[in-house]
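Could you slot chain B onto chain A? The hints should help.
Number of protein chains: 2
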Amino acid sequence: MDSTTTAAGTLSPFAKDLHLGNSLSREKERFEPYNPPYVGMYVCGPTVYSNVHLGNVRTFLTFDVVYRYLIHLGYKVRYVRNITDVGHLTGDTDDGEDKIGKKARLENLEPMEVVQRYTNDFHDVMRVFRILPPSIEPTATGHIVEQIAMIEKIIENGFAYEANGSVYFDVRKFAESHHYGELSGRKIDELQNQTRALDGQDEKRDPLDFALWKKADASHLMHWPSPWSEGFPGWHLECSVMSTKYLGRTFDIHGGGMDLKFPHHECEIAQNMGAHGPEQPVRYWLHGNMLTVNGRKMSKSEGNGFTPEELITGNHKLLEKGYSPMTVRFFMLQGHYAGTLDFSNPALQAAEKGLERLMGAWGLLADLKPCESGEAAPDLAALRARAYAAMNDDFNTPVLIAVLYDAVKVVNSVAAGRMVLNAEGIDTLRALFSDFAADILGLEQEVAGGAGDGDRTDGLMEVICTLRSEAKANKDWATADLIRDRLTELGVQIKDGKDGTSWTFD
Amino acid sequence: MDSTTTAAGTLSPFAKDLHLGNSLSREKERFEPYNPPYVGMYVCGPTVYSNVHLGNVRTFLTFDVVYRYLIHLGYKVRYVRNITDVGHLTGDTDDGEDKIGKKARLENLEPMEVVQRYTNDFHDVMRVFRILPPSIEPTATGHIVEQIAMIEKIIENGFAYEANGSVYFDVRKFAESHHYGELSGRKIDELQNQTRALDGQDEKRDPLDFALWKKADASHLMHWPSPWSEGFPGWHLECSVMSTKYLGRTFDIHGGGMDLKFPHHECEIAQNMGAHGPEQPVRYWLHGNMLTVNGRKMSKSEGNGFTPEELITGNHKLLEKGYSPMTVRFFMLQGHYAGTLDFSNPALQAAEKGLERLMGAWGLLADLKPCESGEAAPDLAALRARAYAAMNDDFNTPVLIAVLYDAVKVVNSVAAGRMVLNAEGIDTLRALFSDFAADILGLEQEVAGGAGDGDRTDGLMEVICTLRSEAKANKDWATADLIRDRLTELGVQIKDGKDGTSWTFD
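The listed protein sequences correspond, in order, to chains A and B.
So for the first sequence, this note's numbering puts the first residue at 1; every next one is plus one.
So for the second sequence, this note's numbering puts the first residue at 1001; every next one is plus one.
For reference, chain A alone in the conformation it holds in the complex:
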């Protein structure tokens, strides 16, 4: 029995072929949501203690396309992406200072001022890259009550213990009856060998244990009362609490960056099972891969980690120029989300040209005239089927883009008069761009295609260059010089070349 066909009325016929690369099984599996046409999807959001980095942008772009495609297929998606505003410690484990608390201390701010500032920045960056807001964007501090309740349940079930006001998850105990490490492929004894006992962690029965609740020391700015101490929740807990609160104890898709697979997601699974029983909480786990720059891992310490803003303005030593947000979006979608993606100037410039080609054809499409004796749609329907096949193959956006390039060739042939299409054919092409380029890939026609002022400016420049060429042809040097001088005043540089006159704006 095919669960998706039971709701076929609302779903695209292509929905039944969607396959997801499930990190849990390490296989591509056919997508069968628990309760179609409803889909629950949870994605780990940012810890809002600093400006968003490009790795975040890639991760959230990946799940933006997943979200857009599921909606396109007719699913009713509840997409939850959280904001971590407490509990994420500088050591990324159970030691160190709270990341937000530390920033607040350094900048002499209230922690929630830090949260607000970087949440605003995060939202601004998401908007610039046309990443849709999720259905719900819950915060860790907004779910203290629920986190305490979940800890109580885990203790009750025997998988956690209190020590000096803190509560730890008992990994060894859990592993006796569950497969701890299933998602990340880690083996508990190997983990044991890699782990060192850390300062202040002697409260733990075992170094593998992780905090569910930490007693706040005097320097800790954010804390709440609990049955165990005035303290704060462990980092992993919030995602278990907020995903199940809004999506149920078992839900369809959980996403996040590859670096969260262990320990964060492994701990989430353990917490959910420790609280709610042995069923796998998440059916499909998806993980987005990392960024590299000129072949090396992007990181602040390597000095090769530019920000979204630097990428757009070109204001970084590794960047030859700025790249528009649409170019960056398009560039990222040219790589499959599960593979690493390498930033380099040639690759970004190629993406810029590719996007221009796509947008150019998309622009031409609006004016194509049908011819009833022209070619009909069959070949074009095949293009559409290939587009679905690409997306159904674990959201393979690079293959989808190749399909769109094939459509570009058709458009250009028609525009050049080398091919004629009937109305059905033209409509099929238009729907292909509108569904796959606009709705699913989230590309915006006007940005690189140049409508509005940019187009007009170029048009006016062409008029002026024509007049200047004529003046030169007529040996009217006074007019030619006047034109050059006036343009210089306006911040326009012109350059005569083999292929005519080109221009750049300051």
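Just so you know, the hints here were simulated from the structure itself, not pulled from any lab data.
Using N, Cα and C, we set each Cβ at its ideal position, and we do this for glycine too.
A couple of the hints might just be wrong.
Said to hold, decoys possible - Covered by chain A, according to a simulated footprint, are these stretches of chain B (three or more residues, beta-carbon under 8 angstroms):
| # | stretch |
| --- | --- |
| 1 | 1104 to 1116 |
| 2 | 1127 to 1136 |
| 3 | 1478 to 1490 |
To be verified - Each computed BS3-like pair below joins lysine-lysine, with the alpha-carbon atoms no more than 25 angstroms apart:
| # | chain 1 | residue 1 | chain 2 | residue 2 |
| --- | --- | --- | --- | --- |
| 4 | B | 1472 | A | 475 |
| 5 | A | 353 | A | 317 |
| 6 | B | 1245 | A | 102 |
| 7 | B | 1317 | A | 102 |
| 8 | A | 76 | B | 1103 |
| 9 | A | 215 | A | 102 |
| 10 | A | 261 | A | 28 |
| 11 | A | 215 | B | 1153 |
| 12 | B | 1321 | B | 1353 |
| 13 | A | 495 | A | 353 |
| 14 | A | 369 | A | 409 |
| 15 | B | 1076 | A | 103 |
| 16 | B | 1245 | B | 1153 |
| 17 | A | 215 | A | 153 |
| 18 | B | 1261 | B | 1245 |
| 19 | B | 1495 | B | 1353 |
| 20 | A | 472 | B | 1472 |
| 21 | A | 475 | B | 1475 |
| 22 | A | 102 | A | 300 |
| 23 | A | 153 | B | 1215 |
| 24 | A | 76 | B | 1102 |
| 25 | B | 1187 | B | 1028 |
| 26 | A | 245 | B | 1353 |
| 27 | B | 1475 | A | 103 |
| 28 | B | 1300 | B | 1102 |
| 29 | B | 1102 | A | 245 |
| 30 | B | 1261 | B | 1317 |
| 31 | A | 472 | B | 1475 |
| 32 | B | 1321 | B | 1103 |
| 33 | A | 215 | B | 1245 |
| 34 | A | 245 | B | 1215 |
Only chain B this time, still in chain A's reference frame:
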């Protein structure tokens, strides 16, 4: 002892003259913050169960200008503006359904999906009107723990009682030792006569009592555990909790719409005193007044309540055309916040013209050339002093705008060659616009003034018109016609008039 002068190093000398219309004393009082240069300001934000209405925009614009002016004076402002995402009932008192829960039920959504949708809308509208984000934007659901703690304190102090799992504030008991009604000017016995016992309120000892915690009935979607019941906090409580958590038990400014004065703000004061003791929690209460349309109260039921979007697009039967967000902002600032403001087409169109005049002069200012024998600054310094005097008089933005219009006259005189200014004079004018029009009123120069691409387009058009005039002078009709044709293709219409050639874009 003048408290502001103790921190004179960081504060503008004009700071000491700022006076606020304090709703609590019903007088204009000199502003003396508790701990200068720090200022704490709390403003009641929206209940996010529907799209933002224009009354909200006016209220938040009012406090945006207060915030901007305090920052301009050198104060370090922590501005807290909350999001109400639970507890606000349809009856605006203690009866009815939760506004967000009701919307969720009607639209078959999770309540937090409703919250997210309308929080996004709210942020979008704030951005469109250039209303700055606050320092902290806390939510009611994010402070359940703190609300429970405050209720416990009020009960402990004898000003609240439990009944069937709900907790009510004991107004009569409070009034024995406190002045209940001081802010709103209500008398407790008159209130008594106006109040009817309502269904399901028989738990209250007195109809004046209000809920701090309500036991959730089966239909209630949002609820949390508490010492009294699985339930939810009363509407008034969140603001007492979040203002004091982030600003301290006594803080400087509390703002909100006039309609919140009673019961909401009166109850806030009672709660704060009931929990923390007899000191007034807020030194200055500011209340923004309501909107009218063609002289009648703006309301949905009257059919005269257009949305911000309708106002911008002009898509409403009462609107002759759309008005840009900057025009609306400017229009609203032409009225003092404490008075009602009437929307009408003639008034909006007058504001549009007024803003154009202001922006036109502001644009000219960039190119004014000084003349060292020109007039010096004294008269202009007086303008600046008048600008401060206007803002210091309870943020009197209409008077400030009149001062800016006087500056416009000076700019236009200089630009027309009827007056010359020295460099100091020009700098004084520029600083006046940059401080008061841009930073304090939050007006944006480019909207009506046209910088960027628009400027370049105009520059190129001037070059082309010059070339066309020359062609015509040389009787080179072919070139003149070519220019006109090419411009028509680009959607540019040109028109020859007495004062030269003008152009319009499609």
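Point to revise | Hints violated by the structure (numbers, ascending) | key: When the structure is compared with the hints, numbers 7, 26, 27, 30 and 32 turn out to be violated.
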